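The working numbering puts the first residue of the sequence shown at -10, with every later residue one more than the last.
Don't read these hints as lab results, they were simulated from the structure. Treat the numbers as computed from the prediction; the structure is a model and nothing was measured. We put the beta carbon where it would ideally sit given N, CA and C, even for glycine. One thing to keep in mind: the hints can contain errors.
As the list claims (entries may be wrong) - Each pair of labels, with its calculated beta carbon distance range:
#1 S34 <-> E60: 26 to 36 Å
#2 N42 <-> G18: 28 to 38 Å
#3 V63 <-> I(-7): 14 to 24 Å
#4 R1 <-> A31: 30 to 40 Å
#5 W41 <-> L7: 14 to 24 Å
#6 V(-1) <-> G62: 30 to 40 Å
#7 I(-7) <-> A13: 13 to 23 Å
#8 L35 <-> R9: 30 to 40 Å
#9 A31 <-> E60: 32 to 42 Å
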Amino acid sequence: RAPIASMPGVERLSLDELLREAEAALELGIPVIDLFPVIDPAGKSLDAAEAWNPDGLAQRAVRALKARFPELGVMTDVAL
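Hey, can you work out the whole structure from these sequences and the hints?
Now the structure itself:
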């Protein structure tokens, strides 16, 4: 976990932590989560190529979430 200084109470999560938080959200009856990945500036381009990278952070997170919690709705921002 890494706190975001400009957003008190908000943290960046590793993939394993994300899965734990998603499980807790579902247990509370929260059916959808929204992901805001942080992409290395070197991965950003005018054509947003990282959005199509099957091994990108957002893509890996969505795959892991849907594999474990198929009933969970997932929204993403590609941060590009």
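Comparing the hints with the structure gives:
| no. | hint | verdict |
| --- | --- | --- |
| 1 | S34 <-> E60: 26 to 36 Å | holds (34 Å) |
| 2 | N42 <-> G18: 28 to 38 Å | holds (33 Å) |
| 3 | V63 <-> I(-7): 14 to 24 Å | holds (20 Å) |
| 4 | R1 <-> A31: 30 to 40 Å | violated (18 Å) |
| 5 | W41 <-> L7: 14 to 24 Å | holds (22 Å) |
| 6 | V(-1) <-> G62: 30 to 40 Å | violated (20 Å) |
| 7 | I(-7) <-> A13: 13 to 23 Å | holds (19 Å) |
| 8 | L35 <-> R9: 30 to 40 Å | holds (36 Å) |
| 9 | A31 <-> E60: 32 to 42 Å | holds (36 Å) |
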